[in-house]
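Chains as they are written, first to last, in the working numbering: chain A, 7 to 253; chain B, 7 to 253.
Hints are computed from structural coordinates only; laboratory data are not their basis. Treat each hint with caution, since some may be false.
Identical copies look the same in the list; a pair holds intra-copy or inter-copy alike.
Calculated lysine to aspartate or glutamate pairs in the EDC-like style (CA-CA distance at most 20 Å, straight line) [unchecked claim]: (1) Lys145 x Glu120; (2) Lys194 x Glu217; (3) Lys210 x Asp59; (4) Lys31 x Asp99.
Just so you know, these numbers come straight off a predicted model, no measurement behind them.
Protein chains: 2
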Amino acid sequence: MILAFVGTAGSGKTTLTGEFGRYLKENGHNVAYVNLDTGVMRLPYKPDLDVRDEVTAWEIMEEGYGPNGAIVESYDRLLPKVGSYIDRIIRLDTENDYVLLDTPGQMETFLFHEFGVRLMESLPEPLTVYLFSPDILRKPHDFCFVRFFGLMIDLRLGTTTVPVLSKIDIVENIDEYRKYLDDVEYLKARLKLDPSMQGLLAYKMCSTLPELAPPTRVVYISAKTREGFDELETLAYEHYCTCGDLT
Amino acid sequence: MILAFVGTAGSGKTTLTGEFGRYLKENGHNVAYVNLDTGVMRLPYKPDLDVRDEVTAWEIMEEGYGPNGAIVESYDRLLPKVGSYIDRIIRLDTENDYVLLDTPGQMETFLFHEFGVRLMESLPEPLTVYLFSPDILRKPHDFCFVRFFGLMIDLRLGTTTVPVLSKIDIVENIDEYRKYLDDVEYLKARLKLDPSMQGLLAYKMCSTLPELAPPTRVVYISAKTREGFDELETLAYEHYCTCGDLT
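Please build the complete structure, drawing on both the sequences and the hints.
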C-alpha cells in the first residue's frame with residue numbers, strides 16, 4: 007500500500023512520514039520509506055530509497071543556481087530516471103505492507119513537474135495524503151480553498167486524496183475548525199455573510215463541491231501526540247480494499 | 007496600476023516582468039519594478055524595491071537551513087515588515103503608471119504564506135497575471151487544472167486573475183492550445199472521451215466553470231517576440247477602468 011504525503015513547505019510532511027512509519031512498525035507492519043525531496047537536509051527516518059543519492063539541490067546551487075532554480079533543475083535531472091524510481095517503489099510495495107513517500111518540500115515541484123505527475127500516475131493505486139496546517143486557515147474562504155486544493159491534487163495526479171489538517175496539537179479551538187471542514191452547509195452559511203467578490207466566489211465554489219466529489223472525510227492529525235494516526239491507518243486500509251471510495 | 011506576476015518556478019515570471027516593463031517604458035509609461043523573490047540570483051531589470059535588501063534565501067542557508075526551509079524562513083522574517091512593503095508599493099503606484107510585482111520563484115510561497123496573502127489583500131485593486139507554460143499541459147485534464155488554478159488564486163488572494171500561457175514561441179500547434187483554453191465546450195467534449203476517474207472529475211469541474219466565473223480571456227504571450235504584450239496592456243487598462251470585469 008503506497009501513501010504519498012503531499013503539502014506545502016512547513017505543513018509537516020517529513021515529520022509525519024517518520025512518525026506515522028514508526029507507529030505502523032510498532033503495530034507490526036513492514037514499512038519502507040522513500041524520500042523524494044532533493045532539498046531536505048535531515049530526515050527523521052532512514053530512507054530505503056532516496057533521490058538525494060542521485061542529485062541534491064545544494065550541489066546544483068554550487069554550479070551557480072539560486073535555490074528555486076536548483077530545485078527545478080534537480081527534478082529535470084531526475085526525470086530521465088523516473089522509470090527506475092517507479093520500478094523500485096513498486097518492488098518496495100511488494101516487499102512491505104506500507105511504502106511511505108515523502109514528497110518535495112515545495113508541493114508545486116511535485117504537482118507541476120513531470121517527474122511527480124508521471125511517478126504518481128504509474129504507481130498502483132497510491133493514496134495521496136494532502137497535509138495543510140492551521141496557520142493557513144485565517145478566514146472562511148480559506149477553508150473553501152483547502153477543500154478545493156484537495157480536488158486539484160486529485161485532478162492533477164489522478165489519485166485519491168485524503169485531506170489532513172496537521173499540527174492539531176497547536177490548535178485550541180479544534181471544534182471550530184471541524185465545523186468549517188466537516189460541514190459544507192455551515193461553511194456556506196458563513197461565506198454568505200462575506201459580501202466581497204472573494205466571499206461570493208468561495209460561496210459559489212463550495213456550492214459545487216457536493217456535485218464534484220462525495221463528501222471526503224478530513225483527518226485531524228498530530229505527529230506529536232499521534233492523534234488521528236488510527237484514523238489515517240483505517241482510511242489507508244479502506245482505500246486499499248475499495249480502491250478509492252473514502253466516503 | 008499594480009500587476010503581480012504569479013506562477014510556478016520556470017513559468018517565466020521574471021523574464022516577462024523585465025521585458026513587459028521595457029515595452030511599457032518604450033510606450034511612454036512610467037514603470038516601477040518590485041522584486042518579492044528572496045531566492046533570485048540575477049534580475050533582468052533594476053528593481054525600485056527589492057526584498058533581498060532585507061533578507062535572502064542563501065544567507066539563511068548559511069545558517070544551516072535547506073533550500074526549502076530557507077525560502078519559508080525568509081518570508082517568516084519579512085512578515086513583520088509587510089506593512090512597510092505595502093506602504094512603499096502604494097507610494098510607487100502613486101508615482102508611476104505601472105508597478106510590476108515579480109513574486110517568489112515558488113508560487114506556493116506567495117499563495118500559502120501570510121506575507122503574500124496580506125500584501126495582496128492590502129494593495130489597491132492589483133491585477134494578478136497567472137503564468138503557466140506549455141510544458142505542464144500534456145493531457146485534456148491539465149487544461150481544466152490550469153483554468154481552476156486561476157480561480158484558486160482569485161479565491162486565495164482576493165484579486166482579479168488573468169490566465170496567461172507563456173513561452174508561446176516554443177509552441178508549434180498554438181491553435182490546439184487555444185481550442186482547449188478558449189472553448190470550454192470543446193474541452194468538455196474531449197474530457198468526455200476519458201473514462202478514468204481523473205477524466206470524470208475534470209469533466210465535472212469544467213462543467214461548473216460557467217457558474218463560477220464569467221469566461222475569462224486567456225492571453226497568449228511570448229517574452230521573446232513580445233506577442234500578446236498589447237493584449238495584456240489592454241487588459242490591465244480595462245481592469246483599472248472597470249475594477250475587475252475582464253469578460
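Here's how the hints hold up against the structure:
Taking the shortest alpha-carbon separations for Lys145 and Glu120, only the inter-copy value of 12 Å comes in at or below 20 Å, while the best intra-copy value is 33 Å. Proximity of Lys194 and Glu217 under a CA criterion of 20 Å is satisfied in both settings, with 15 Å inside one chain copy and 16 Å between copies. Neither within a single protomer nor between protomers do Lys210 and Asp59 lie at most 20 Å apart by alpha-carbon distance, with minima of 46 Å and 41 Å respectively. In this homomeric assembly, Lys31 and Asp99 come within 20 Å of each other (Cα to Cα) only inside a single copy, at 15 Å, whereas the closest approach across copies is 58 Å.
In this structure, only the earlier hint numbered 3 is contradicted, and the remaining ones agree with it.
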